[in-house]
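Student: Going down the list, the protein sequences come from chains R and F.
Residue numbers for the first sequence follow the numbering used here, so the first one is 24 and each next one is one higher.
Residue numbers for the second sequence follow the numbering used here, so the first one is 24 and each next one is one higher.
Watch out, some of these pointers could steer you wrong.
One copy or any two copies: either way a pair holds, since identical chains are not told apart in the list.
[Unchecked claim] Pairs of lysine-lysine, DSS-like flavour, derived with a Cα cap of 25 Å:
#1 K324 / K344
#2 K159 / K78
#3 K461 / K472
#4 K434 / K147
#5 K78 / K344
#6 K437 / K50
#7 K171 / K426
#8 K235 / K461
#9 K50 / K85
#10 K400 / K496
#11 K400 / K324
#12 K111 / K461
#13 K398 / K429
It is worth saying that the hints were derived from the structure and are not from the lab.
Predicted model only: the values in this text are computed from it and were never measured.
Number of protein chains: 2
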Amino acid sequence: MEKSFEKKGLTPKSENISEWYQDVVLKAGLADYSDVRGCMIIRPYGYAIWENIQKTLDVWFKEDGVENAYFPLFIPMSLLAKEKEHLKGFSPELAVVTHGGGEELAEPYAVRPTSETIMYKSFKKWISSYRDLPLKINQWCNVVRWEKRTYLFLRTTEFLWQEGHTVHITEAEAEAMMFKALRWYQKIYEEYLALSPYVGRKSENEKFAGAKTTYSIEAVMPNGKSLQAATSHNLADNFSKVFEIEFTDDQGMKHNPFQTSWGLSTRAIGGLILSHGDDSGLILPPQIAPVQVVILPVFSKAGTNNTEIRAKAEQLANELKLAQIRVTLDADETHSLGYKINAWELKGVPLRLELGEREMAENLVSATRRDNFEKLKFNQQNLTNAVKQALTDIQASLYARNKVLKTELTKEVKDYTAFKQVLREQKVFVRVFWCEDKACEQQIKEETKATTRVLELEHIDQNEQEKCFHCGKSSRRQWLFAQSY
Amino acid sequence: MEKSFEKKGLTPKSENISEWYQDVVLKAGLADYSDVRGCMIIRPYGYAIWENIQKTLDVWFKEDGVENAYFPLFIPMSLLAKEKEHLKGFSPELAVVTHGGGEELAEPYAVRPTSETIMYKSFKKWISSYRDLPLKINQWCNVVRWEKRTYLFLRTTEFLWQEGHTVHITEAEAEAMMFKALRWYQKIYEEYLALSPYVGRKSENEKFAGAKTTYSIEAVMPNGKSLQAATSHNLADNFSKVFEIEFTDDQGMKHNPFQTSWGLSTRAIGGLILSHGDDSGLILPPQIAPVQVVILPVFSKAGTNNTEIRAKAEQLANELKLAQIRVTLDADETHSLGYKINAWELKGVPLRLELGEREMAENLVSATRRDNFEKLKFNQQNLTNAVKQALTDIQASLYARNKVLKTELTKEVKDYTAFKQVLREQKVFVRVFWCEDKACEQQIKEETKATTRVLELEHIDQNEQEKCFHCGKSSRRQWLFAQSY
């Protein structure tokens, strides 16, 4: 087991996860601070992860008939104010443009915190008949929510996201669409980011401002905190009524349609980093890693076989490239092998291949898995298949490890004393029977900083005769509580 | 020759190109107006064209080692003010955020009109050695420039673009990079958008605020106006000095590096629409068209063979899809064939295929080219190749037609009287010997609204002993003047 965090100047993850996180984000070249309060710079290595997420989701969206579009960055304040709950939810977080082209504006504009209001004004115009439905629009863009305390990727004033907005004839169709989006998010977290999040419904306190119901993906961070990692909302006809969106059915009758909205942001990258990394730096799951394999030729001082080693390394890199594996050959001779190993470990590249005189003689490639530092030997002749298998194993193993973590960091208790006791020992998710009352949740939050994260999908139909762990009122279902990012 | 603009409610292009443009943008579903002054909504059909442009350029950028990143939307005013010429150029167009999170900001932020200043602050931090160079960063994002008079796609307060920013050891390297970007732009216009723009250097009056030299792509619109369609700037060390970007060479000496920036925006879509459309609507070049081929089954009233026709149409659509052709099957039975033909013509789909009883009997498919309404017959057995060939022909023919237009709309004159005479008759590009003096250009602009568009690449080394067509001072090179969008 190699331990090289000292060399890299990384705070060990086990010692202080917040400092480790900040160190690794900066040193691995994922992001940087900017001169703008609360806004970060996403550097190429971090942006490449975002591009992989985009590419994956975008294909699924399009297969389902969701079309990309682009709506204005600015929203007139009067438009934002149309849905009262929505305005109340977002107004404390707004950035406001008051001047344009050297003049004070007659009406200030908000920089979009989300685009329901600006989009639905147009939807009213575009929809008249049932034949115009379903309407499924997605937008990849930046949004701004003024934050007091910010955190690279996890909470920034500006962030990148996608926001899907759909309109349907029936509420059942909207509900199905809301679940479809939720499943896309679950899939990208589980199969690409190798995380095993909780998936479920939000409480009344925690739902989206203006939604009927909000479902969410909650990722379990190694420090026991919850990261709200994507949300999908059933807006019912709340917005369509306010924005007067109407369709005529085949009998000539007018109705307000039913809507959904759903989003996933660059915050996902924060959850990815926090979850998988270790004292040597990042660990990226192969499915999402910008570089899946790095090849390091091991040049000898004597240099007898260096030309052959370099040529073989290039040939193997090309073979892997042809098989659609994202491979980098690092043949730089100005840095030592040790330096390069540290650097690529820090960047979390899932698989490292080394090729030196010994490997040449034995017709092998030495491999090291980033997730567990396991050493492997691959035959040069069948490298592509061996690498593919290793990447599949790493992906599976990271996911399995995260699933274990989730179980370890989830407790079940019966009463408030036990609840507080558990949370005093360590931040965890706690599953409890709860009454689903707003005021009760508010009180628990004030006393423990923990809030409901979700009612897990598996618990929605739970129907037991229990008492609320906090207030003692009747409760039929178990909810997950945790502190959140 | 079919003429169906009446049915579509389109103003004929020949009658009023501005009204035609607005009609076609709205009716073809490319874009829509919004409630936000000067900001447009890019609808899915328009956004799909932008995605095709993005995909094409992004591959070329990455092959060259340009990496995507993301910098903040907001720029502190003090940072924007660092390069004086740059500030002077952009300050009349700024949108300014004065409030955030319910409080007035200590320092207002500009919404980025371009990102030189916010990026170069970071470049200073990231660059220390010659080993850090070249640095090549690109960003796909929205920018805001407050416009008094706006025009869908062609001039909007907010628009989408890519901005490339590179840093080099030598000015020669920067110059080469600037040309490389310019060639990418030329290539996407010529080979994808089927336009034949002028390519050359900008005058001192017209260059980018802060650049040493600006090169530009100027597309010739059918009304004789020029559309600045992409720009590439050699920034020399203007910004690196102001932002104190320094690298240490291999001798340990410090230097300011040399920079470029280059951008292409959603304005390109405006040029595309204006150039190729006709009285029936849009005409999209196959290389960039979201839908390259539409298949219309021709159902008969009797309906005897409708099932077979539909099945065959589906089979042919699948064959084309497998060959990576972007095909849509419009088997909708609620609208007449004539209605559907009009709608797909309006949307500018390059090739329309029809399949009815007659075609079934003859084992054929009837095809109509959108560019010239030519009717073709394709054998069903070899449809993919025939379609590919037709698409290639349409692409080539649109490009050739635009090249002819460019020649027709370019005049060469000797003196100012002839210059004014030519421009009185019709808006055109005029090639003239000009002294390259700022004040002279300003005077011409005030008197004729025409400005220099470019010094064509082929004319940069021109070295004749002539007189300026306007002021009579000595001139060695011919420049292109025109009115611009």
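Student: For every hint, state whether the structure bears it out.
Tutor: Verification of the hints:
no., hint, verdict
1, K324 / K344, "neither (29 Å within a copy, 55 Å between copies)"
2, K159 / K78, "both (18 Å within a copy, 22 Å between copies)"
3, K461 / K472, "within (15 Å within a copy, 66 Å between copies)"
4, K434 / K147, "neither (47 Å within a copy, 49 Å between copies)"
5, K78 / K344, "both (19 Å within a copy, 20 Å between copies)"
6, K437 / K50, "neither (44 Å within a copy, 62 Å between copies)"
7, K171 / K426, "neither (32 Å within a copy, 56 Å between copies)"
8, K235 / K461, "within (15 Å within a copy, 62 Å between copies)"
9, K50 / K85, "between (36 Å within a copy, 23 Å between copies)"
10, K400 / K496, "neither (61 Å within a copy, 77 Å between copies)"
11, K400 / K324, "within (24 Å within a copy, 70 Å between copies)"
12, K111 / K461, "within (17 Å within a copy, 54 Å between copies)"
13, K398 / K429, "neither (28 Å within a copy, 64 Å between copies)"
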